[in-house]
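Trainee: Top line first, the protein sequences correspond to chains A and B. Take the first sequence: its letter number 62 is residue 62 in my numbering, and every next letter is one higher. Take the second sequence: its letter number 217 is residue 1217 in my numbering, and every next letter is one higher.
Any given hint might turn out to be false.
To be verified - To give an idea of the interface, some chain A residues facing chain B are shown, with a C-beta separation under 10 angstroms as derived from the structure:
id	residue
1	F15
2	R106
3	M111
4	A117
5	I125
6	I134
7	R231
8	K299
9	I302
Just so you know, the hints here were simulated from the structure itself, not pulled from any lab data. Beta carbons are placed, not taken as given, at the ideal position from N, Cα and C, and that holds for glycine.
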Amino acid sequence: MASHGIEVKDLFKIFGPNGEKYVEAVKNGMSKTELNEQHGHVLGLKDINISMPAGKIQVVMGLSGSGKSTLIRHINRLIEPTAGAVLYEGDDVCQMSKSELLEFRRHKTAMVFQKFALLPHRTVIENTVYGLEIQGVDKGEASKRARRWIDRVGLDGFENHYPNQLSGGMQQRVGLARALTNDADILLMDEAFSALDPLIRSDMQAVLLDIQAELQKTIVFITHDLDEALRLGDQIAILRDGEVIQQGSGQEIVLNPADGYITDFVKEVNRGRVISVGTIMADTPFDSSINIELLPDDKLEIAAKAMTEQEETRANVRDSTGKLVGSLRLKDTISAMVTPESP
Amino acid sequence: MWDWNEFPEISRTDLRDLKKGLDSAFKDFTRAWGDTIEGFFNPLLKFLVWFEKLLISTPWPVMMLIIAVLVWLGSRSWPLVVGALVSLWLVGYLGMWENTMYTLALISVATLVCIIIGIPFGIWMAKSNRVQAIVTPILDIMQTIPAFVYLIPIMLLLGIGKVPGLIAVCIYAIPPVVRLTNLGIRLVDKDVLEAADAFGASPHQKLWTVQMPLALPNIFAGINQTIMMALAMVVVAALIGVRGLGLEVLKAVNNQYITLGFMNGMAIVAIAIIFDRVSQKYGKRLQKHSEVIHG
C-alpha cells in the first residue's frame, strides 16, 4: 500500500466556548497570555503548517504545554479544530461527516498512547484485535493477523495475559501491536515511549525503526525528548506555546537552531550521531591511496571511529553510485562533533 | 399588619377544595384508565404467578439442589453452598418453606424488573447530563418518600394484590441499580475511551466493548443493593396483599407473636445473606483481570 503524506494547513485551536471569535485576533498578533487573561480562552495551536512526508517519520517535539498532544489529536480529529485543515489523500479530515470520520479512523489511522490505554478487561490478543473487531473483520481472520504482530513485537506466549500482568514496556508492545494490526497507513504515536525506562525506550525505538524499514508508514511521533526526536525523525517540527518555531531534518535543526530556545535544546545533543559526513566533507576527494571510504549519509561518529581504528587522519567519501564525491579530515570531523561555545 | 405568630396559611376551604380536587381527579383517572393499566401489567402478573407456582410445585429436594447449584455457579465457594443449604433446611423445618418460596419469587421477579428497566435508564443518564439532572431528584424521591404514601395511589389504581405489591417493591428498589450503572459508566477511564474513539468505535461499540464491561463491578454493586432493598420491602408489600414471609411478619405484629415475628424475619435475613454473598462473589469473579498485578 502506497503511503500518503498529511498536510496540516493554517490550523488553529483555541479552547473555550467561543474559540472562533478570537481566531482573527490571534492572527493579528494577540498573545497567548492576553487571550487567556482578558478573554478566558486558551490558545492551543497557532497557525500550524506542517507537510508530513509520506512513508516517513514526522516527529513533533515540544515540552509539556507546547500543544504537541493537541496537534496529533487533530490528525484523527479526537479534538475539533477551531480553524484550518488537515488534508490526507485530498480529503480534509476537519470537514468529514461523523460516519466518514469513523471510517477514516477505522481504516486509515491507528494510534499508540503515552499511558498505553489498553482495555484492562481484555487479554493481550483481545486487545490486539480491537481495531479489526471495530471494523467488523471476521474473528478467525482478526486473530490470525493479530498473532502475527504479537510475535513481531516479541510478545509471543503472552496472548492470554491481562495488561496488568505485564510490565510497562510489554504493555506498550501490546499498544504497538494493536495499532499495527489495524494495518492503517497513518500511525499516530503520542509520547508512545515517554513512560518507559530509558533502556526499554531505546529498545522500543529500535523495534519501531525496524518495523518502519519494512512497512514505510506515515508516522507522526510526538515526544518531549530531543534525542528520541533525532533518532526517529526523518523530519522534525519543534513546537512552543502552540506555535511551530522550527522544522526540518534533525541535522538542520542541530546545525542551525532558529533561536535561543532551540539552541539550549540542542546543546546537549550528541552531534556525532546527528550530523552526516556529507554535510561537512570537502568537495575534492583525496587521491585513491586513501583506504577509508565513507558514504555521505554516514554519521560523524562512524567516520571518526573508522579513522581512529585504522590510525588514519583522512578518508574519502564515495556516494551510493560508486563515484568519489569528497573527502574528510579527522580534525574537522572531531571539531564538528563538539558543541560550539555559545556566543 | 402581619401576625408573626400565625403562618400565612391558605384558607381552610381552599385547602379542602385543593385536596378534594386532586383526589377526585386521580379517581376519575383511575376510573377511566384503571382497566387499561391493569391490562398492561397483566403479563407481569401472569409471569409472577407462573413463577410462584413453579417454585412451590417443585419438590423441595429438587429446589434445594437447584439453589445449591446456583450458589456454586455464582460464588464457587463450598462454605457458601453448605451455609445456604443449612439455612434453607432450617427455614423448611420450621414450617416456612412455602412462604419463603413466595418471597423468593417476588424478589426474583422484582429484581429482574429493576434490572430490565434500571440499567437502560442508568445508561441514558450516563450519556446525558440533562437526563442525569432530571432523573437524580426523582430517584431521591423514590428512595426517601415513605412507602405508604405511594401505596395509596397504587392501590386506587390497581387494587390489592401481587402486581401493586411488586410495583411498590420496584419503586423502592430500583434507584441503586440506576445510580450505579450511571456512576460506573461515568467512571470509565477517559484514556481507554479515547483509544476506542481513535480506533473508530461508534457510540454503540464503545458502550458494549468498553463502558459496560468496565462499569460491570459498579453495576453489580447496584444490583446487589437493589436485591437488599427489595427484601426490605416485603413487609410493606404484604400490606397490600402479597403473600410470603412478609405477611407472616405482619400477622406477628398485629398479634404480638414474638417468635413468629423473629422466625420469619430471620428467614428474610437468610435469603438476603445468600443473595448478597453470591452476587458479591460473582461480581468479584467477573473482575479476574484486576487480580494479578505485575510486581
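Trainee: Compare the structure with each hint and give your call.
Mentor: These are the hints, each one checked on the structure:
1. F15: Status violated, d = 16 angstroms.
2. R106: Holds, about 3 angstroms.
3. M111: Where the cut-off is 10 angstroms and the nearest Cβ of chain B is about 4 angstroms from M111(A), the hint holds.
4. A117: Given a least distance of 4 angstroms, the restraint on A117(A) holds.
5. I125: violated, 13 angstroms
6. I134: holds, 5 angstroms
7. R231: With Cβ-Cβ at 25 angstroms, over 10 angstroms, it is violated.
8. K299: violated, 35 angstroms
9. I302: violated, 39 angstroms
Hint compliance for this structure: hints 1, 5, 7, 8, 9 are not met, and every other hint is.
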